[in-house]
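In order, the protein sequences belong to chains A and B.
The first sequence lines up with residues 140 to 434 when you count with my numbering.
The second sequence lines up with residues 2 to 246 when you count with my numbering.
Just so you know, the hints here were simulated from the structure itself, not pulled from any lab data.
One or more hints might be untrue.
As the list claims (entries may be wrong) - Just a sample of chain B residues kept apart from chain A, beta carbon distances all over 12 Å, derived:
no. : residue
1   : A38
2   : T69
3   : L123
4   : A130
5   : A173
6   : L239
7   : V242
Stated by the list, open to error - Here are the computed distance ranges between Cβ atoms for each label pair:
no. : chain 1 : residue 1 : chain 2 : residue 2 : range
8   : B       : R139      : A       : L379      : 52 to 62 Å
9   : B       : D57       : A       : T423      : 38 to 48 Å
10  : A       : R344      : B       : P75       : 15 to 25 Å
11  : B       : R139      : A       : I275      : 47 to 57 Å
12  : B       : R157      : A       : F256      : 34 to 44 Å
13  : B       : E67       : A       : R344      : 28 to 38 Å
We put the CB at the ideal spot given by N, CA and C, even for glycine.
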Amino acid sequence: MTDGTRPGVSSAAPWVKSERQIRREAELRRRSRRSISVATASTLLVAVTVVMAVTASPGWPRVRETFFSPAAFVEAFPDVLRGFGLNIKIFLIAEVFVLVLGLTVALVRGLRSPVFFPLRALAVLYTDIFRGIPTILLVYLVGFGVPALQLQGAPDDPVTLGIIALVLSYGAYVAEVFRSGIDSIHPSQRAAARSLALTHGQTMRHVVLPQAVRRVVPPLLNDFASLQKDSALVAVLGPLEALRQAQIHAAWSFNYTPYLAAALLFIALTVPMARFTDHLAARTARRQMGGGGRA
Amino acid sequence: MSLLRIEGVWKHYHGQSVLRGIDLDVAPHEVVCLIGASGSGKSTLLRCVNLLETVDDGAIHLDGREITDPRVDPDEVRKRIGMVFQSYNLFPHMTVLDNITLAPRKVHGTAPAEAEERARQLLERFGLADRAGEYPDRLSGGQQQRVAIIRAIATRPRLLLLDEVTSALDPALVTEVLGIIRELKETGMTMILATHEMAFARDIADTVCFLDGGVLLERGSPEQIFTAPEQPRTRDFLQQVLGRL
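Okay, chain A solo, but in the shape it has when bound (with noise of 0.2 Å):
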């Protein structure tokens, strides 16, 4: 307005950045050199006492001997790399078959009919079973007690015993995880639905899940960072899996390094994930703030 034009009339001389807008701009860069630099000076400055604490410490030079030894490392990374390969096996396996059991059960929670009470007793049951026994106990009761039953045909592979054990676990959580979501889409998205004449399988199949679905992606990735982390817990049925590996090295050699190259192994995964997670919720949140009108 100061140079007089009128606001909302377009005049036909090009924008000239003006002498107040270059010193505005100068300064912001300004400031934005001078937080890199405190941020940059505060980091350096925790990581060097964080170093100094561990290193002065008295037991310093045993820990690094037993958990920081490059021989042991070297020596024990191929077997659990390879033991790494049967983790991912696992995870990913197990991630098809939660999310299966997790939708049909979310599902099977939301039928109206009463022809179907019975089910939805059982999914109910279900949850709160299986949200409440600690993952590693529940490897056990599979493990052992599934074959122990001596049921024709029933598994006594301990990876694929494992493997239930999770799909168990996880299902339950996961199921959660996709009711919350349906839950979330706005009672008016059904009402539009079936004003519409769609049943209640088409509301959901057409309307509500495909939205429910996009929310939970980002609480399902989290699932999922967990899940590739307790597939160590197979391990204590048997299979050499990553931290099966680790442990056999240690008891061998007396050092502990080798369930360090594990852990390396297992943030090797996770991270990316993390952070593709973070991007995603980022995203959803981005989409929410732009699309106010929505109902």
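Chain A is fixed; fit chain B onto it per the hints.
For chain B alone, coordinates are given in the frame of chain A:
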């Protein structure tokens, strides 16, 4: 014979009576406007007609058949009734075209190509042909509401219910939505509108009904209701919303 007959309909919420024995007949091609303050029961009445709410007493007949009978399949009734909501309620994960063709394809068994053809014709007729591939959140409120109306009429309903369809819109966008409703009247569509647009109600309605506290207090031609209301409550209401009478 009337297309829709509402007989002594009652509805209670949490011990409060929202509808208190409503009687209303709607003839084919008739346009009925429901006016009244917020909470007078206009929206509830429309939702009862569409069976989104169950009535607590009385009966509603469509084409001579009672639809409030518990043995009647609500989906069969809703196939013949279209409804448009105040908040549009478009499906945000579907394009405009998919929003419109969903019910024809999934409920009425129309072939996808045919459903799309009709949707495009309707979009063309109501000036939205270039928005077919857009998602609802890319449209203005007025455009969204016009799409919602097209979605409701794409299945060729016998009766169209419009629940305060302009209440969420800027004054500048109200006109475009009212235009489409006026056009529908010309095609002979039977409609019941709950509305706060008095000038529009006066212009488009064959019958105006004034609801007050769940009672259908007065009905008549727009001329009669807007110039010579008989009930004092009607007069008060109109004075309040119009600021004069």
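Is the hinted range of 47 to 57 Å satisfied by the C-beta distance from B:R139 to A:I275? Given a distance of about 49 Å, which is inside 47 to 57 Å, the answer is holds.
Beyond 12 Å from every Cβ of chain A: is that where the Cβ of B:L239 lies? 30 Å, holds
So does B:R157 sit 34 to 44 Å from A:F256, Cβ to Cβ? 38 Å, holds
Go ahead and decide if the range 38 to 48 Å is satisfied by the Cβ distance of B:D57 to A:T423. 41 Å, holds
Does the beta carbon distance between B:R139 and A:L379 stay inside 52 to 62 Å, or does it fall outside? 54 Å, holds
Against chain A, does B:V242 hold up as non-interface, every C-beta pair farther apart than 12 Å? Since the minimum Cβ distance to chain A is about 26 Å, B:V242 lies beyond 12 Å and the statement holds.
Status of the stated non-contact between B:L123 and chain A (beta carbon gap over 12 Å): Answer for B:L123: holds, closest chain A Cβ roughly 15 Å.
Does the Cβ distance between B:E67 and A:R344 fall inside 28 to 38 Å? 31 Å, holds
Report holds if the minimum CB distance from B:A130 to chain A is greater than 12 Å, and violated otherwise. It holds; B:A130 is separated from chain A by about 21 Å at its closest Cβ, greater than 12 Å.
Can the suggested window of 15 to 25 Å be confirmed for the beta-carbon pair A:R344 and B:P75? Since the Cβ atoms of A:R344 and B:P75 sit about 18 Å apart, the hinted range of 15 to 25 Å holds.
No chain A beta carbon within 12 Å of B:T69's: 16 Å, holds
Interface exclusion of B:A38 relative to chain A, criterion Cβ beyond 12 Å: 22 Å, holds
Violation of the numbered hints given earlier is absent; every hint is satisfied by the structure.
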